[in-house]
Amino acid sequence: MMNFWGFSIAEARVIDYDKNDKSLAEMLAEEMPTTRLCIGCGGCSATCTAGNLTEFNIRKLQMLLKRGETKDLRDQLHKCMLCGKCLLVCPRGVDTRKMILFLFRQLSEQDHNS
Amino acid sequence: MYYDPFVLPFTLGLNILLIYLIIKYARWIRTFSTEDRQTIRRNIFTLKTWKAGKEVFLESLVHHKIFRINPFLGYMHLCFGLGWFLLIVIGKIESLVYHTSIFNPPYFAIFFRYFHPAKETFPGSNVFAFFMDLILLMILSGLLLAWLKRLYSKALGLKRTTRHRPFDLLILTVLWLIFPLRFLAESFTSGLRGGGSFLTHTAGDFFNSFLPIEQLSYPAWWAYSSALGLFFLLLPFSRYMHIPTEIVYIFLKNWEVRQGKHFSGISQFQLYSCSRCGICIDRCQLGSSLGMTDTQPVYFLKKLRHGKEHSILVDNCLMCGRCEAACPVDLRLNALRLTQRQEDIRITKSTYEYIRPAAAKTTAKVAYFAGCMGHLTPGVIRSMQSIFHKAGVDYTFIDEGGSICCGRPMMLSGNHHTAAIIQEKNKASLEASGAELLVTSCPICYKTFKEDYRLDMQVLHHTEYLDILLREGALHPHCSDITTVFHNPCELGRGCQVYTAPEHILQTISHRIATAYEGKDALCCGGSLANLHISPQQRLQLAEDALNAYAAYRPDVLVTACPLCKKTFSQPGSSLPVQDIAELVDGQC
Amino acid sequence: MSVIIIGAGPAGCEAAYQLAQAGEKVELIEQEAQPGGNLNNWYQLFPDRKSAQELNRQLILRLEHPNIRLHLGCMPTKIDRREGRFEVQLNDGALLTGQALLIAGGFQLFNAHRKEEYGYGIYENVITSVELENFFTNQRIQTSTGQLPKRVGFIHCVGSRDEKTCNFHCSKLCCVTAVKQAIELREILPEAEILCFYMDMRMFGPGYEEMYREAQEKYRIKFVRGRLSEASENKAKQVLIKAEDTLIGKPLKMTLDLMVLMVGMELSAGSRQLAEMTGIEKATNGFLRVKDPHFATNETNQKGIFLAGSCSSPMNLTDTLTDARSAALTIREYLKHIDL
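These protein sequence lines map, in sequence, to chains A, B and C. Per the working numbering, the very first residue in the first sequence carries number 1; after that it's consecutive. Per the working numbering, the very first residue in the second sequence carries number 115; after that it's consecutive. Per the working numbering, the very first residue in the third sequence carries number 704; after that it's consecutive.
Because the hints were derived from the structure by calculation, they are not lab data. Check each hint, because a few of them may be wrong.
[As the list claims (entries may be wrong)] With the C-beta cut set under 7 Å, the calculated list includes, among others, these residues of chain A facing chain C:
{"no.": "1", "residue": "K19"}
{"no.": "2", "residue": "K22"}
{"no.": "3", "residue": "A29"}
{"no.": "4", "residue": "C41"}
{"no.": "5", "residue": "G42"}
{"no.": "6", "residue": "G43"}
{"no.": "7", "residue": "S45"}
{"no.": "8", "residue": "A46"}
{"no.": "9", "residue": "T47"}
{"no.": "10", "residue": "G51"}
{"no.": "11", "residue": "N52"}
{"no.": "12", "residue": "L53"}
[As the list claims (entries may be wrong)] Calculated lysine-lysine pairs in the BS3-like style (CA-CA distance at most 27 Å, straight line):
{"no.": "13", "chain 1": "B", "residue 1": "K541", "chain 2": "B", "residue 2": "K162"}
{"no.": "14", "chain 1": "C", "residue 1": "K925", "chain 2": "C", "residue 2": "K953"}
{"no.": "15", "chain 1": "B", "residue 1": "K475", "chain 2": "C", "residue 2": "K938"}
{"no.": "16", "chain 1": "B", "residue 1": "K479", "chain 2": "C", "residue 2": "K938"}
{"no.": "17", "chain 1": "B", "residue 1": "K539", "chain 2": "C", "residue 2": "K953"}
{"no.": "18", "chain 1": "A", "residue 1": "K66", "chain 2": "C", "residue 2": "K953"}
{"no.": "19", "chain 1": "C", "residue 1": "K953", "chain 2": "A", "residue 2": "K71"}
{"no.": "20", "chain 1": "B", "residue 1": "K539", "chain 2": "C", "residue 2": "K956"}
{"no.": "21", "chain 1": "C", "residue 1": "K940", "chain 2": "B", "residue 2": "K475"}
Computed from a prediction, not measured in an experiment: that's the story for all the values here. The beta carbon of each residue, even a glycine, is placed where N, CA and C say it ideally should be.
With the sequences and hints as input, model every part of the structure.
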């Protein structure tokens, strides 16, 4: 964050869809087609234990991921306890728990490679 | 000195095998933890060793468990196991009686008919000859069955047989050659010099009538010895490695060496103890409902042993334990698969800091815990509350305002470290209630509370608790004509060995219909959190098939005791009503 | 020429009348003791707030046509096709014959017990949209404890668009019904807070979007975009709900005095039986499949068997009546054809 005479320039508030790297989302969609089915009803994040206690919001995280915004994913994902309640309420049959595990594994692999 | 060069292949093979096994086993045992070593030391000079010996006899030789599952298959294994064993033991005794020295070389007993001049009788020689022929006949009959099994697996009640690599086929051929070759060698010798009994003697005379047995006899002994030697050399690299390894495993198991969370020495013993009998194949619902015929333990262990790619197989298991319950070698198949799941979640001690002990201290002695899934089946909670009320139990509902996960789903994903942190948090919260008895509705929570938490209070699943209330007369059931079938949840039945409590409850309050899926044979609903691979559609298929299997008994109600099972079964909208056992008890008392 | 119509709901009634007017003999079979079907349970209709019972009366009145024979309390036990004619055996022993068969078996409402996490049948103040219509008919809105509700929530998509109940389809009418009921509720409860929990607002019909605007502006109905995950009950018998306020991105907890489940539409059990008896195919949404979605919306894979109304898909009353008229026209064409 830079300070210009009392004004600060924060990170861009716009999702720069053109520039964002959406490869992880593409891989996810390819690997688990049910993740394409989300209609953003929020049932998963409503029932989520971690989501009711922290900033963790699984619906939002996967939406952000689909737009190529992965920062929150790194910050929040590990709060999930894998209890599987989201899987039981999703009206579209998104395999939410498997999606989270897949993302865990991808992030862990990225960390490993870097 | 009895010696002939043809014994060399056998002797060499046997010695190389023994040296190989000693080195291999010693290496595995070296990796045992100090805890495991202490356990072994504590148990080795107890009745447990005797029990293990008995088990070796019953399972490694008689194959008693396979017998119970499939008599044909059992007989086949008995012929090879017990037959070969008796052939060696009685052969050895026979050679001892004749030679009167214990220090005759092993090959002397094995090739006794070659070395022993037939005219020379010794005490009981006819009886020995008779028994040796009888045992050989038994083995040959088993061999015939094995042949038939390869040709017509369905005739023996097995849907599929395990698949073979070329190498497996080679050693199989060698194994199958051993006994026919012994039969030929002994028959030819008997035809030439006499001796033998009803089988080899008769066959010897018969062969003599049209074969030049004089020229054939000696090569037959060479062939027999070579087949044995080759078999011993190939054994460590084939599935027959299970023959010696299983025996060691049975002892280790009885000495209470446990399969832990990680792949260890005991895992190695188990890996090589799998006889690939294939019993697990037909038990697996992924196969019967979804046509997945590559993920069953027999294939998984094979891939693991040969270092083949198995990442999908690691994930693709319901861990329902149906295979484990039927495994004749008693391998810890779920735990073994779990050892291959990786820790993927990088967390720190502060990750779960947001979780604070929620339960407040109460004066009630009984704490009720619905579990997170339980909050999606409020009918169960409502029934439990009503039952507590009816039985006049002073209780506190500790997760009324919600709870965190028990950590078992995390454990099942392979992330033991993370799970331990969640469990630590949860334990503090549960113990803060100050209750003496914890009653939970969720078998998943129940299993981990019981096995991993080491709580300072007693833990019961509501099935067990309701059974106690009924037995103590705290609840007054009225007679009912409702017919019920019980679906025992995997984590409750096979997972925690709770079998009699639900049976007794249902017998007390309903007409319980016995099914083919009682006790250890209960089906999995398909909702299992342990499977990290199958899709929601495939789960639905599993649920529908299981429901149909139960519905075939036409009960009024299908009773279960797990929120996850209830939710999974409710999805297809079947005409068969599904109730939790607590709901049924509440309705009948 | 005669036509056998099974189901005397709005579709069956309208088709019967149109065919009778055109000179065909109609045998109209209804399993209930009175015609009208699901319309009997409704109070007012969207979008013009017409009295449901008034419309019902009009439809039933027209059944007193000399060409219509009404068989109430009857169900077909056997349907045969002999020499191009249908023979329908009724449970009261009668045998009806006709050249064409029209199935107007309609829909049934989703059984809200199946959505256990919403607590229907467990919590006292959870009701379905039909029960609310009953409240309107009796002009009595109160909670189980006899009080006026201060906060009421309408839960959309219960048993619709839900893989967990194997109902993948959109029932289409629940959104507009919720808006209509919220408005009616506002008129009775001027002080209460009324909220609709929706996934998508599907205001497809003429005047529906206008109703939605009016509900927001004039009737002060609040709309929250989020699907309920579960509900519980407190000591005061209020319903505590959990949803995500998805437009904000935060989980939301709320206490309701009354919770109304907008139950979706499924193929009725009667229609399902008829399909099994006659070999009519079902579409993936569980309703009966029409031969062609554009040119043969009333025909089926079985020659001479036609469909009218909501047994082929969720339909509002306007569409149901239009569909019934279309079916009548299609059947007349068919009868002319077999006459030749």
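Discussion item. Output the indices of the hints that this structure fails to meet, ascending.
Written reply: 1, 2, 3, 12, 13
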